[in-house]
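Asker: What follows is the residue order along each chain.
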Amino acid sequence: MSERFELPAELNIYGALETRDALLAWVAENNVQGSDSLEICARNVQEVDGSGLQLLASLSNMGQSWRLTDPSDAFSDACRTLGFGDWLEGRPARGKPAGASK
Amino acid sequence: MSDDADLDFIAAAMPAFISEAAEQIEAIETLLLELEEQPDNRELLDSLFRCAHTVKGSAGIFGLNRVVEFTHHVETLLDKMRDGVIALKPEISTLLLQCNDQIKFLVDTAADENADTPDQKDARADLVIRLKALTEPGASIAPVADKGGAVAAPAVADAAGPAGQPALSIWSISARFGPETFRNGMDPLSIARYLGTLGKIVKVRCAVDTLPPLGNLDPETCYLSFAMELETGASREDIEGAFSFVMDDCELDVTAPETAGQKMARAIEDMPETPRLGELLVSVGAVTQDKLQQVLSTQQQTRGMPSVDKPKLGDLLESQAGVAPEVVAAALGKQQKIRDSAPSEERYIRVQADRLDAVINLLGELVIAGAGATLLARGSRQVALVEANLHMNSLIEEIRNGTLGLRMVPVGETFSRFRRVVRDTAASLGKEVNFEIVGGDAELDKSMVEKIADPLMHLVRNSLDHGLEPPQERVAAGKPAAGKLVLSARHETGAILIRIEDDGRGINRDRVLQRAWNRGLVENGVVPSDDEINMLIFEPGFSTAEQVTNLSGRGVGMDVVRRNIEALRGSIRLNNNVGKGLQVDIRLPLTLAIIDGFLVGVGKSKFVLPLEAVVEVIESGGSHVKVDERGRHCLELRGAVLPVVRLRTLYSVESSLPERVSVVVVNSTRGQYGIEVEVLLGQNQTVIKPLGRLFKTLRGISGSSILGSGEVALILDVNSLAELTTGAQTGSGAATSLNTSVSS
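Taken in order, these protein sequences are the chains called A and B. According to my numbering, the residues represented by the first sequence are 0 to 101, in order. According to my numbering, the residues represented by the second sequence are 16 to 759, in order.
No wet-lab data here; the hints were simulated from the structure. None of the values given here were measured: they were computed from a predicted structure. We put the CB at the ideal spot given by N, CA and C, even for glycine. Treat each hint with caution, since some may be false.
Sample of chain A residues lacking proximity to chain B, with all beta carbon distances greater than 10 Å (derived) [said to hold, decoys possible]: (1) Glu-5; (2) Ala-8; (3) Glu-28; (4) Asn-29; (5) Leu-37; (6) Glu-38; (7) Asn-43; (8) Gln-45; (9) Asn-60; (10) Ser-75; (11) Arg-79; (12) Leu-81; (13) Phe-83; (14) Glu-88; (15) Gly-89.
Just so you have them, the derived chain A footprint on chain B, three or more residues with Cβ under 8 Å [claimed, not checked]: (16) 199-207; (17) 235-245.
All chains, please: the whole structure from these sequences, using the hints.
Answerer: Quick look at the structure:
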């Protein structure tokens with residue numbers, strides 16, 4: 000498994016469950032490998048809705064640090080609209096440390 | 016959910032949408048007309064906006080894009096009106112009425128693409144252009160003077176730019192979406208996007224703290240909430256409108272850039288329910304608890320004073336505690352609203368009319384069966400059985416009243432439909448009319464209301480067309496230029512009286528008579544009484560209209576009006592005042608189905624009198640009283656002369672007259688009179704059955720009923736019976752022998 004996670008073209012409610020499971024599996028794998036900062040690539044995203052962004056926000060709350068790369072226009076636009084503009088700056092998005100959420 | 020299921024759902028819900036939209040559209044019309052009379056009434060404007068918004072919103076759900084698109088323009092105009100940018104002028108009101116017609120058309124033809132002809136499209140495009148001319152920036156719009164009070168003035172008006180355009184202001188919006196948001200097919204992202212179209216998003220933050228870690232996240236549950244600052248000229252309703260479909264489970268807080276006073280006023284508005292003025296003000300921080308106590312004790316000291324001199328708490332708070340007047344006004348307004356809305360929390364169930372009819376039919380049978388059972392119970396002479404039966408009958412009576420009450424609707428709903436007709440008709444005739452509705456809350460059976468609407472409409476048009484004169488003619492006659500038309504309704508002994516009254520020229524007696532002679536309705540040279548001349552306008556083939564307007568050319572004559580009203584067991588009377596006006600009185604029974612009757616006997620025949628009409632019963636001499644050939648005589652009742660009609664003679668009932676008879680004194684439109692009968696059989700619930708065709712011509716009888724014993728009783732119509740006996744008409748029609756018909 001690569002250190003890059005490719006977000007699907009349709010990052011919306013219809014695939015939310017699958018995307019979450021894929022993300023979880025990928026995060027688990029990388030944690031085992033001891034990766035520090037993970038990359039999530041949004042170049043393929045064409046459709047995105049609130050539930051899709053919620054997944055990524057939730058990932059931050061796991062204490063997992065990640066970085067957005069190569070966002071598509073649709074994805075960038077959605078992030079800005081809903082107030083996730085920070086992700087677009089390419090800095091690692093880091094939520095609360097894992098311990099704090101437990 | 017599959018598309019098919021969606022389509023099925025929409026198809027199934029469509030009729031409900033159309034009927035609801037129709038109600039909204041009707042309300043829009045009524046509100047517009049009311050608003051014309053009270054242009055400063057903010058509540059009306061708000062309701063108007065809500066109605067239009069509801070139509071648009073629900074049309075959106077059903078994908079009726081034409082409705083949404085068009086209504087959106089109307090909504091924009093209404094919104095500007097609410098912001099005080101545009102004042103309601105007659106032209107605007109006319110435009111809005113036309114737009115409303117267009118919305119109605121679009122809703123009615125929602126399912127039919129073909130109904131939207133190029134002509135309709137042109138008309139619609141034209142309306143949109145006119146709407147846009149009013150609403151688009153750049154159009155010359157005179158800023159409206161700020162007539163409303165501090166509360167009525169919208170927040171943005173304070174910040175309004177010099178051109179009357181609302182200045183941009185920064186709204187804070189915070190929204191916490193409910194967990195079901197995604198599953199309901201809604202998306203906070205699209206809402207945020209929509210908000211972006213209203214203006215410029217200055218700042219937006221999505222709160223992520225409430226999100227569970229990914230492992231615990233149910234991806235289909237919405238945990239999102241955002242806080243946004245939006246720079247826009249849009250109104251609060253526009254902003255809140257973005258959330259209209261998630262409103263149910265969304266915590267929304269929209270804060271306008273307001274002055275401190277307005278903020279408090281808004282906080283009061285938004286409070287759930289806080290009944291006391293002082294508490295209201297304390298809770299928003301407009302006054303401290305201590306200060307309030309102080310003011311309250313001041314008020315306490317004035318307790319003995321008469322209420323007019325007593326200072327009001329609101330005034331005291333203003334003068335002593337220094338609370339801003341606008342804050343007090345808002346608090347008082349809120350209090351009033353709570354009071355107003357408390358009792359009006361009514362809930363309705365829609366019931367199909369034919370189900371209700373079926374129940375009422377059964378009820379009729381139940382009443383007859385109940386009467387039969389009572390008869391048997393009495394015959395059995397078993398006290399317990401009679402008692403049980405009495406109890407059952409009183410229950411039946413309650414059910415009857417309750418069930419008939421279900422069908423009663425206020426007649427005002429029909430009346431208010433005429434506002435538009437009057438307005439448009441008067442405009443097309445170049446006349447000015449003040450239209451008044453009095454007693455619109457009088458109730459009438461629903462089926463009656465439906466059937467009376469057309470005749471009423473015709474009479475109203477007739478008054479406008481022929482009764483009221485053009486303004487210059489009125490001025491010349493020494494009347495105010497604007498004519499008056501009053502439509503009123505009130506209850507009157509078991510009937511409803513609907514009166515259409517104008518102050519026009521009245522009926523020209525000579526012209527009517529001339530026309531009647533020409534048409535052969537009256538023999539040449541014969542001059543009937545004034546009343547009869549007036550009634551000639553209801554004869555088939557009569558019309559004195561000098562010019563055929565598009566109103567009188569509708570093919571519905573006054574004769575049809577009379578026929579329709581008589582078919583409802585009603586009567587119509589004219590009260591003509593030449594040069595001063597005309598009164599048309601329509602009397603209608605309250606219901607078509609069942610009445611409380613008073614059963615009397617003459618010979619072997621049974622008659623039912625409507626119980627409401629009965630005043631008292633007295634004894635009188637029998638065979639030795641002299642009566643004329645129409646059964647009329649008089650008796651003295653407490654020093655007054657009471658005309659009495661003897662049914663036996665009037666209807667030629669064959670049997671021997673007993674020594675003493677009873678006289679039932681009844682109320683009629685022509686005053687009190689007596690009806691001489693031989694046997695009193697008491698109160699009785701009477702299910703009205705229409706008379707057969709053969710007996711339709713019988714005067715003084717309005718219907719028949721089947722008694723518990725299976726006998727037939729005739730129901731007397733006290734008003735036509737009075738006319739029959741006191742009027743100058745020949746009574747030949749009445750002197751038909753009833754024996755054959757009744758003893759069948």
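Asker: Take the hints in turn and mark each one as holding or not.
Answerer: Each hint tested on the structure:
1. Glu-5: holds (17 Å)
2. Ala-8: holds (16 Å)
3. Glu-28: holds (14 Å)
4. Asn-29: holds (13 Å)
5. Leu-37: It holds; A:Leu-37 is separated from chain B by about 12 Å at its closest Cβ, greater than 10 Å.
6. Glu-38: At roughly 16 Å from the nearest Cβ of chain B, A:Glu-38 sits farther out than 10 Å, so the non-interface label holds.
7. Asn-43: Holds, because the least Cβ-Cβ distance between A:Asn-43 and chain B comes to about 18 Å, which exceeds 10 Å.
8. Gln-45: Fine: 14 Å to the nearest Cβ keeps A:Gln-45 off the interface.
9. Asn-60: violated (5 Å)
10. Ser-75: Given a closest Cβ separation of 13 Å, the condition holds.
11. Arg-79: violated (8 Å)
12. Leu-81: violated (5 Å)
13. Phe-83: violated (6 Å)
14. Glu-88: holds (15 Å)
15. Gly-89: Given that every Cβ of chain B is farther than 10 Å from that of A:Gly-89, nearest at about 19 Å, it holds.
16. 199-207: holds (count 5)
17. 235-245: holds (count 7)
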